[in-house]
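J.: Each chain is listed here by its residues.
Protein chains: 2
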Amino acid sequence: MTSTDTTSAPGEVALLGRPTQQRATVLRALIDSEDFVSAQVLHARLIAAGNRVGLSTIYRTLTALAEAGLADTMRDSEGERHFRHRPGPDHRHYLRCRTCGRSVAVDSHLVERWAERIGATSGFTEISHTVELTGICADCTGPTAPAA
Amino acid sequence: MTSTDTTSAPGEVALLGRPTQQRATVLRALIDSEDFVSAQVLHARLIAAGNRVGLSTIYRTLTALAEAGLADTMRDSEGERHFRHRPGPDHRHYLRCRTCGRSVAVDSHLVERWAERIGATSGFTEISHTVELTGICADCTGPTAPAA
DNA sequence: CTAGTGATGAAAACCATTTCCATCTAGCGT
DNA sequence: ACGCTAGATGGAAATGGTTTTCATCACTAG
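From first to last, the protein sequence lines are chains A and B.
Numbers 1 to 148, taken from this note's numbering, label the letters of the first sequence in order.
Numbers 1001 to 1148, taken from this note's numbering, label the letters of the second sequence in order.
Derived from the structure by calculation, the hints contain no laboratory data.
Even for Gly, the Cβ is constructed at its ideal location relative to N, Cα and C.
A couple of the hints might just be wrong.
Said to hold, decoys possible - Where chain A lies over chain B, by a calculated footprint (3+ residues, C-beta under 8 Å):
(1) 1017-1028
(2) 1073-1084
(3) 1116-1123
Stated by the list, open to error - What follows is a set of in silico ranges between Cβ atoms, one per label pair, in the way DEER data are often shown:
(4) Ile1047/B to Asp35/A: 27 to 35 Å
(5) Pro1087/B to Val104/A: 30 to 38 Å
(6) Glu78/A to Arg1117/B: 23 to 31 Å
(7) Ala120/A to Leu1055/B: 34 to 42 Å
(8) Arg1117/B to Asp35/A: 40 to 48 Å
To be verified - Sample of chain A residues lacking proximity to chain B, with all beta carbon distances greater than 10 Å (derived):
(9) Leu16
(10) Pro19
(11) Gln22
(12) Glu34
(13) Gln40
(14) Gly54
(15) Leu55
(16) Arg60
(17) Glu67
(18) Gly79
(19) Pro89
(20) Ala115
(21) Ser128
(22) Cys137
Please put together the full structure from these sequences, using the hints given.
T.: Listed below in structure tokens is the structure:
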């Protein structure tokens, strides 16, 4: 996996418009990250790996991916956007470790239903919600070193 | 209430450090807003109302207010921070209208407990959460004009 | 192969937020 | 009251993520 690998991202890229090498590369990198990444970091990684991709393209692709529902987005405490590939149609909430940054998907029926109920009782319609959970994962709580 | 009114914000300002006219003014304006406002908007309002307050001071005060727990903050879809005065120690989640921008506080024990439970079952500790709900309020759903 | 439309990317534009720094001021000791 | 000093202020400049611009390039159709 040196750099250019058009065969990586199956048909998903097609959903965005014209299938190009860059888009495949970005999607591929996003999938490989297996976790939230910022456009900046993703860009840095691709460049470091020897790929030629412009930052603008990363932003465009990531935004398109999110709009197409192929990626989830979240904002960190500084307001920066982070993206994560969304395998299926569900999985929308994550719990992320404040120390190592890793994140895991969590079950959220309860919240979904709560959100719906709130909508029903408040007179609001077309409710949409964003839930962000952070904590310290087991590995980082360990007796020894936290974020060594 | 032309402009300078040091008596507006009771003792709350004192919690921030030295009680100054500007801080009282900012807190006052935040309270009067009764809803989320961005630093920029708050600044524009104060200037328009004839008050002399620097943007930096608004940011500093708002940030301090949030850190002191006297204000709740949220980020809009563009990543901008919005602040809202927090009357008591609770009330931490809001439902805001995407059309008119108004927001109402919602009951969230359920989510709080859900968050705790997720923490317990995932091995994460020190869980903290952010929940943002948006929808279209009754007034804006009306048969006639939405955001007139 | 050629044209045409969409995609790319380097650099400039944007814009909210933060930082600098010279000036001002509230609070305190005298 | 008076002057001192740490803390506060605000205009301007710096930051830094994200978006736009625009000239060039690469897919796809004909």
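J.: Looking at the structure, which of the earlier hints fail to hold?
T.: Checked against the structure, the hints that fail are numbers 1, 4, 8, 18, 20, 21, 22, while the rest are satisfied.
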